[in-house]
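Taking the hints into account, I'd like the entire structure generated from these sequences.
Protein chains: 4
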Amino acid sequence: MDKKKKIRVGVMGSTGLVGQQFVRMLSGHPSFEVITLTASGRSAGKRYGDAVEWLVGGTVPEDTADLVVEETSAESFLKKDVKIAFSALPSAVCRDIENELAEKGIGVFSNASAFRMDPEVPVLIPEVNPDHLRLVRSQLHRRRGFIIANSNCTTSGLVLALKPLLEFGIRRVGVATYQAVSGAGRHGLASLSILGNVIPFIKSEEEKIEAESRKILGTFRGSSVEELPLDIHASCCRVPVRDGHLESVTLDMASDFDLNAAREALASFQGAPQRMKLPTAPENPILVTGEIDRPQPVLDVMAGRPERAEGMAITVGRMRKNGRRMNFFLLVHNTIRGAAGTCILNAELALRSGYIT
Amino acid sequence: MDKKKKIRVGVMGSTGLVGQQFVRMLSGHPSFEVITLTASGRSAGKRYGDAVEWLVGGTVPEDTADLVVEETSAESFLKKDVKIAFSALPSAVCRDIENELAEKGIGVFSNASAFRMDPEVPVLIPEVNPDHLRLVRSQLHRRRGFIIANSNCTTSGLVLALKPLLEFGIRRVGVATYQAVSGAGRHGLASLSILGNVIPFIKSEEEKIEAESRKILGTFRGSSVEELPLDIHASCCRVPVRDGHLESVTLDMASDFDLNAAREALASFQGAPQRMKLPTAPENPILVTGEIDRPQPVLDVMAGRPERAEGMAITVGRMRKNGRRMNFFLLVHNTIRGAAGTCILNAELALRSGYIT
Amino acid sequence: MDKKKKIRVGVMGSTGLVGQQFVRMLSGHPSFEVITLTASGRSAGKRYGDAVEWLVGGTVPEDTADLVVEETSAESFLKKDVKIAFSALPSAVCRDIENELAEKGIGVFSNASAFRMDPEVPVLIPEVNPDHLRLVRSQLHRRRGFIIANSNCTTSGLVLALKPLLEFGIRRVGVATYQAVSGAGRHGLASLSILGNVIPFIKSEEEKIEAESRKILGTFRGSSVEELPLDIHASCCRVPVRDGHLESVTLDMASDFDLNAAREALASFQGAPQRMKLPTAPENPILVTGEIDRPQPVLDVMAGRPERAEGMAITVGRMRKNGRRMNFFLLVHNTIRGAAGTCILNAELALRSGYIT
Amino acid sequence: MDKKKKIRVGVMGSTGLVGQQFVRMLSGHPSFEVITLTASGRSAGKRYGDAVEWLVGGTVPEDTADLVVEETSAESFLKKDVKIAFSALPSAVCRDIENELAEKGIGVFSNASAFRMDPEVPVLIPEVNPDHLRLVRSQLHRRRGFIIANSNCTTSGLVLALKPLLEFGIRRVGVATYQAVSGAGRHGLASLSILGNVIPFIKSEEEKIEAESRKILGTFRGSSVEELPLDIHASCCRVPVRDGHLESVTLDMASDFDLNAAREALASFQGAPQRMKLPTAPENPILVTGEIDRPQPVLDVMAGRPERAEGMAITVGRMRKNGRRMNFFLLVHNTIRGAAGTCILNAELALRSGYIT
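Residue numbers (our numbering), protein chains in the order written: chain A, 1 to 357; chain B, 358 to 714; chain C, 715 to 1071; chain D, 1072 to 1428.
If you are wondering where the hints come from, they were derived from the structure by calculation, not from laboratory data. Incorrect hints may appear among the rest.
When the alpha-carbon atoms are kept at most 25 Å apart in a straight line, the in silico BS3-like pairs for lysine-lysine are as follows [claimed, not checked]:
1. 678(B) with 203(A)
2. 1117(D) with 560(B)
3. 794(C) with 818(C)
4. 917(C) with 1392(D)
5. 403(B) with 1392(D)
6. 203(A) with 793(C)
7. 1035(C) with 1151(D)
8. 46(A) with 917(C)
9. 560(B) with 321(A)
Structure, rendered in structure tokens:
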């Protein structure tokens, strides 16, 4: 694609951890070109390379380091004819600006939780519920742009694993999590809280996992999504790990099942992004490991090929069967597949589907 | 009790982590006096204070620092008229020596897993199944001494919490664990394996939790224990924490229940050790916290009063109810309540019950 | 001492880490009784036991848990006839209130750095420079109370080790530090900054070590302290350790020296607190270990006997000699000997010396 | 270079951490082709991809995963016409095999310490002492092959920084280290030893740094190296970091110096590998950062460009001047620049210089 013809995009909240993942993953992107980077007033006016404390590997991409950070506002996008706004804003401050951008014709791909339960906003994971993208049409009836949400980081890994298993008949889902500190943001967790420790509480996390899973796995009914009445309960902990949420999953199946068939269903699973060969799609979104002590955050968090899709594959391991019960562990990169990466994949799906023009 | 009349005891495997907890907790004990300390040949012949790399807080107790470590053998106990042998030996090497000691009239209180599934050996947690102590009589029919096992460290915390809830009707137990590195022993886990990481596998741990829980919560039937047919599944992980196993517990209750009543049942629970005022018994074996983000290993692992019982109480938190489902977290000190401490409490119960003479 | 006759004391900034150490160490103190606990407005009006997130071991002392926290003000001390104010306030906010309290007749023992370089304020470490206490007289000429400062946490360990070695002729001091995260305060350091990492910078720390060491080791000249013209340079790092600052010290001695004599000088060192048998004085303020790989924060940070003095002794190890060069490591508990503990010891010295009435 | 014409190489000790770095860095190498991988008998006969627990990022390179691991022996190299043996063997077992290989005409590039002090074996760091390569000629007088040693990991970073500063006149070097656990090997350090801790001792490390620095910075005199009589002392600690040794360096300069000139000398430093454009040479072997709190292991350990040279550049920061004293921190990747990477660079230099045919 000719560079002149790339879609002009921007990132809101570009200096935070998820913002950095957006910038990293959009660097050299075949379809998108980063034009606008915004942050709070503290960073506004600085070179991005100077404003950011880069934490996501390597160094600040050369194609964005010299961009000047702007204070977050609709104007910063509109004045430069930006078509897509990726939002890494905190939920507390994103509502007005995301709505304003959508009103004014911009496609907002948001990592915030603010609109996830809005009936007109899809919580989109392209391998899982690409048809929910059509919810956007409801938004386009009343405004020129739209908002598409990403799910909570823990949820994104969980529903990816649940999707290919639905056909086996899932009656109940239990999940206990081991979540990395990067999920709390750059300064969200004090070192004394977590060093050598586990914290058995993450605010609103269990509720999000339960509610979002039901919506994502729900059925698109013309103009709304009918939730899947899934019996699901989550129990969440923070552990002293930098990146990667590990999840211990217990499934009650509706009937007896074949464990090898379940394993194969996971390992061979592919969705719309794979069929459409979207740029950020991993070859296989689910890797199944036979190693007895995997997945491990340090070793497996960057799973996913090719290079552009590193961190976009989840890893499933220790699949076990006991009667109708299935147990396994899964690992998801919380700021890539669980945040920026899926947002970008959502935008690639929307672009390919004709929602971005 | 006059010091001359204290029961003479010894510790096998005294230089390891659990061995050190035995030595620490037996120091100044009102009923027991440490006479013999054994270890592998490498330490034999050295002062205990020189042989041990002390890791369990404070310094080597003065009343044991000058004892000379002997190589583990039955003779080292018999020649000094020792009545009780506390065993912190690895399961792989404990069988012969523990059997030999029992043959020769010694009461063996073992932290090893070797004999836990032996039908004549109780897996004893005094607050939970003190009546199982009577299994020892079967052993005494055929030999002069006996073996009493402690449970696996994770199990010890779990069954303590389950015991007072049995009356509410437990239909199923799910547990996901966050286990400290000290559970793997002094050199059991390489730093590169766990630093900033989680390992979703601990050899044989899940099987032990499931099998031991059924036995401990089983019913004593004259000369054997009838297991409780509990539907229980465990999923175990190692986390970078020094001490304290955290467990995320999910219970399916047989019928609707009152959460406050359950909380009260846990908080007010007392067993034989409390009624008998055994020296190492905590005032309350279960502390229930109302803090939203507790229990945490760093903050709560030493729960238990008075001072001699520090680490002997488990802490339960985040009790939640959803229909017939109950969720909570519990924290147990793996080398105290989960190992040496319960062994000592078992010996105190056996002494008070007349099995040690 | 009859409880009625104990000196009434208060703690400012009582809910922070150092504030908690004050409260813990003052519990059951033979000479002091805690009457007033202050904190920021957020905690004011709450029971101390409810306001504090207790992080310093065990549980909130019963004799203070029920005190109601007040917002920090001079009035909160004056209205209750408090004689001593221990200050764990941040330097940025302590100036006015500490001065006001001193004006109004209260003895302020401050852990803040604000007044350390004030020529009338002693930076007091009772084993090292007890005579500097007399600087207080200059303050008493112009006001009814006084301020006595504690040194920076790293400095407190360093000058304790330097004091007995001065007689050997120290020409130069180099120190590289390995500092615990608790030194940054409860929320001073984000987990992502330090997990699995080292940060080679601590704001103003190197300058404090250099300047304070020269003042503390200086000579009291009637109404002022003449600094020791010590050639000293520090290089400071934060490491992922909870408590305990380790320091690698290099000394250039003026002439050849005997390493055993130096070791003995450290191990046998005692100062005014030991001679006066002050309540918080460790039997020996410096422990010298012969273990090849000690001191280690996890194992040695609580050095000091008796129980009231735990954490008040520093540990020195790996003493080496190369020509006129001496090398060793030392470990100091940064929030006990390096903060609250020395402040309390200072107050005990001042009380015994007649400055508190 | 045509693949047929690549030099055939092998790696001894290929399953350990340094062995893995060799394999990773040799994958796709323009001049070398990995033919032989050896390990202990336990791994022999397995596919390399099955035998290794891959810890160095990404996955086992496809071009080596299918090689069958052989038990370490000279025969395993000779039978396949291998010209170069990279050795990641422990010093305790490498002597005989490395000597035998050298006798039989193979160029051995060894990361072990066994021969570093051998007067005929260069301790080579191509940017620092490329002329020492000529020591090999002495070996070639008496045998058909040769051994070239790599320095100790900590030393490799230190001498790189010292080299460009020698012209300023260094009179004395002091270094305190903060060393990563990977330096102790895959299983060299127990998690309980280091979690939340610092260990102020690494066996033989200080002696190695001192002796090797004098040899590396020494002068080649026809058939031997005359050591630089450098006054150097080291003090070494292990910290809970996965990769990257941080060093706090204090230099006493012979005369006053200009700090900016010193900074520039470091930043602009290039050596033989840069001039010769060796494949594994970083563009600049020393990066100088102006960030106040860098270098940090987590952020800077992979410094070095292009991609093949990641981890080959050291980072220097916090350069300070006080009279004739200079202070700075440096960070070196201990298993890349400090081990496998420099060994490979040595082989590239030897190849280009005609020692491999």
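The hints, checked one at a time:
Between residue 678(B) and residue 203(A) the CA atoms are separated by roughly 17 Å; this keeps the pair inside 25 Å, and the hint holds. With a CA separation close to 24 Å, the supplied pair residue 1117(D) and residue 560(B) stays within the 25 Å bound. Simply put, residue 794(C) and residue 818(C) have alpha-carbon atoms about 13 Å apart, close enough for the 25 Å limit, and the pair holds. For the suggested pair residue 917(C) and residue 1392(D), the alpha carbons sit about 17 Å apart, so the restraint of at most 25 Å is met.
A distance of roughly 51 Å separates the Cα atoms of residue 403(B) and residue 1392(D); the hinted pair therefore is violated under the 25 Å criterion. The hinted pair formed by residue 203(A) and residue 793(C) fails the criterion: a straight-line CA distance of about 41 Å is larger than 25 Å. The straight-line distance between the Cα atoms of residue 1035(C) and residue 1151(D) is roughly 52 Å, outside the 25 Å bound, and the hint therefore fails. About 24 Å separates the Cα atoms of residue 46(A) and residue 917(C), which keeps this hinted pair within 25 Å; it holds.
A distance of roughly 17 Å separates the Cα atoms of residue 560(B) and residue 321(A); the hinted pair therefore holds under the 25 Å criterion.
Violated hints, in rising order: 5, 6, 7; the structure is consistent with all others.
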